[in-house]
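Build out the structure end to end from the sequences listed, making use of the hints.
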Amino acid sequence: MQPSKASRFFEAVDQREFALCQTINRSLRFRPVHSYFQLVSRLGDGWFWYALILMLPVLQPDDGLAVALLMAATGLSCTLTYKLLKRWLIRERPFISFPSINCGTPPLDRYSFPSGHTLHAACFNSLLAVLAPEIAWLLLPFTLSVAASRVVLGLHYPSDVAAGAVIGSTMGLVAAYSLADTFRALFG
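Numbering (the working numbering), first residue to last: 1 to 188.
These aren't lab readings, by the way, just hints derived from the structure by calculation.
Distance ranges between label pairs, derived from CB positions:
no. : residue 1 : residue 2 : range
1   : W47       : A12       : 33 to 39 Å
2   : C103      : P141      : 22 to 28 Å
3   : L173      : Q38       : 28 to 34 Å
4   : R31       : V130      : 35 to 41 Å
5   : Q38       : K83       : 22 to 28 Å
Note that the coordinates shown come from a computational prediction; the quantities given were computed from them, not determined experimentally.
Heads up, the beta-carbon is just placed ideally off N, CA and C, and yes, glycines get one too.
In structure tokens form, the structure reads like this:
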């Protein structure tokens, strides 16, 4: 079977990113680093975001329910987007392509591009930057840690994380600017 253009492209990019991935992944040798990024990654599986969505109506009584429901709807769109992209583009994870890269925690799915964790984190942080900036600023360190965890744990290449951040931020901003008023009118 002839490799697709996407797989040939990713093979070339993988080779260019390998040294950086390997260098970043070496930080797993330090137990506190490994433990921190495993925890952040696990929370980024959805648990942190689910808790935040449930807490928003309490944190922002005026429009928290509308923002929470918009986050949930946008989160579903993010899931569909990254799953379709992963199935279409088929990029193997760094620890699969390069045995010298250690897998710091089991992945939730097979393929690497784009990073779904980063996509969701960037989406939610961007959406909140528009609709609840005081919360977005508090979440920014967590969002950045989620993105970093994906490379540190050997699950993604830096370009997977960058693509996830761009796609997620775009989706969050589009949702905030185009749907927030509708959700506020319906649920506010």
